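Student: Quick mapping for you: the protein sequence lines, in order, are chains A and B.
The first sequence begins at 1 in the working numbering and counts up one residue at a time.
The second sequence begins at 1 in the working numbering and counts up one residue at a time.
Just so you know, the hints here were simulated from the structure itself, not pulled from any lab data.
If you're wondering where the values come from, they're calculated on a predicted model, not measured in any experiment.
Cβ atoms here follow ideal geometry from the backbone N, Cα and C, with glycine treated the same way.
Careful: at least some of the hints might be erroneous.
Sample of chain B residues at the chain A side, in silico, Cβ under 8 Å [stated by the list, open to error]:
1. E57
2. R70
3. K72
4. N73
5. A79
6. E87
7. T91
8. H98
9. A101
10. M104
11. R108
12. I111
13. A207
14. D215
There are 2 protein chains.
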Amino acid sequence: MASLFSRGKDHVEVPRLRSRQNRGGEENVNRVALGELTPDLASYLGRAAYLQLAIFETASLALSIAPHTRGKNAMSRVAGSSLEKYEGLITELTRSGHDPAATMEPFRREIDAFHRTVLGADWYETLVSSYVVSGLLDDFFVRLAGGLPDDQANRIAALLTPELGSGYIVDELRAAIDADPKLASRLAVWGRRLVGDTLLIARSALAVPENTAPDEARLEPVFTELIAAHTRRMDVLGLTA
Amino acid sequence: MASLFSRGKDHVEVPRLRSRQNRGGEENVNRVALGELTPDLASYLGRAAYLQLAIFETASLALSIAPHTRGKNAMSRVAGSSLEKYEGLITELTRSGHDPAATMEPFRREIDAFHRTVLGADWYETLVSSYVVSGLLDDFFVRLAGGLPDDQANRIAALLTPELGSGYIVDELRAAIDADPKLASRLAVWGRRLVGDTLLIARSALAVPENTAPDEARLEPVFTELIAAHTRRMDVLGLTA
């Protein structure tokens, strides 16, 4: 099912900062640009882990409000996949000598507020949230891992890449969208709000030296790529991004 | 942490119906009594799996409403443990040729209603629910597995026995209860309601031939044992069952 999303193995190949000189092509430069703004390991992991908890909570909410047993069962796999990613990030935290709860704590308030805005008002909106927010954030954190030490970067990229259960979400949403044009336009609007809020919370993860702003000219292509991947995800649903 | 609960290895040793003649002691007879009311494999698994989803939903709710990051992190392990049990039961269902969603469907309405009554109104009540309901139901379904074929019975008992994360719940609740006698009495009342509702839903899993009632005289000791285990769990919290 992964092939549906045009999200192939390029998600596991983390671009390395050190190899910039050896690689050509604009795309590499774009990706590496994000690696230069990677925060320290603890901040990266604390934020990524707490965001993964929020992604898990959205999947669990979808499971709880699922209007049929099939949906509950399918969303249990999505929730489980997110929980595995979370546990993997926590393992990285403890492996590097950090207390998980204390390291996540500074991000709690901001991410809780974000989570409330992207929960969705019903089954379909929450499904779109689960699919869109996890897609964007996992994508973003795989790219941002480019600035971490090799070992962690590769393990984290492998950890965050799988999209277990999204095949079900796509099938369920496509069927509902095909049957109801009003739902399609409501969910397209919802998807636009999600991408805005999610890219904002993603940006706040960038390590920008005090009293400076990130180099927008270098960042823009990175966010253009993230939005392009998001647009492909919405296309798969039959929605305009 | 399992030792806190006086729930030792007797939970993995599923009493076998066939061995009744070979074993002495009232306790074995009591346990075997439940095995005689074990429903067919599909009904057993469908009900146990859907109840495990409800247990997972309670743990996820606790995670969502946790007042601190430490609590969120700890409840992620409780939720993950419940999800593993669910997935194990679903694996048994597919292995025996049953469609998971269709097999769970007949139990949906009754268990959803049960789930709503045991959710709890706040962090502490939901923690008690997570601990008490999963303890009672896993206990019950391990005993009820006694009437299933050997292979399944042993795998299911091994699957449902671990109580991952309950050590955290106990610590968190004990600290709050020690600090606030009013909370202690409120949670004791809540625990009594939980045990009543949970034993009712457990009873509804028993396969009783049409137009007959279960043999109460034989069932009573089984439920007495379940309640005794529940009482030990409440004792650990410092609450009167």
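Student: Indicate, hint by hint, whether the structure satisfies it.
Tutor: These are the hints, each one checked on the structure:
1. E57: Hint on E57 (chain B): holds, closest Cβ of chain A at ~5 Å, below 8 Å.
2. R70: holds, 4 Å
3. K72: holds, 6 Å
4. N73: holds, 5 Å
5. A79: Check passed: Cβ of A79 (chain B) comes within 7 Å of chain A, closer than 8 Å.
6. E87: Holds, because the Cβ-Cβ distance from E87 (chain B) to chain A comes to roughly 7 Å (cut-off 8 Å).
7. T91: violated, 12 Å
8. H98: violated, 12 Å
9. A101: holds, 4 Å
10. M104: The hint holds - M104 (chain B) has a Cβ within 8 Å of chain A, the shortest such distance being about 5 Å.
11. R108: Hint on R108 (chain B): holds, closest Cβ of chain A at ~6 Å, below 8 Å.
12. I111: Because about 10 Å separates I111 (chain B) from the closest Cβ in chain A, which is outside the 8 Å limit, the hint is violated.
13. A207: Nearest chain A Cβ about 21 Å off; hint violated.
14. D215: Where the cut-off is 8 Å and the nearest Cβ of chain A is about 33 Å from D215 (chain B), the hint is violated.
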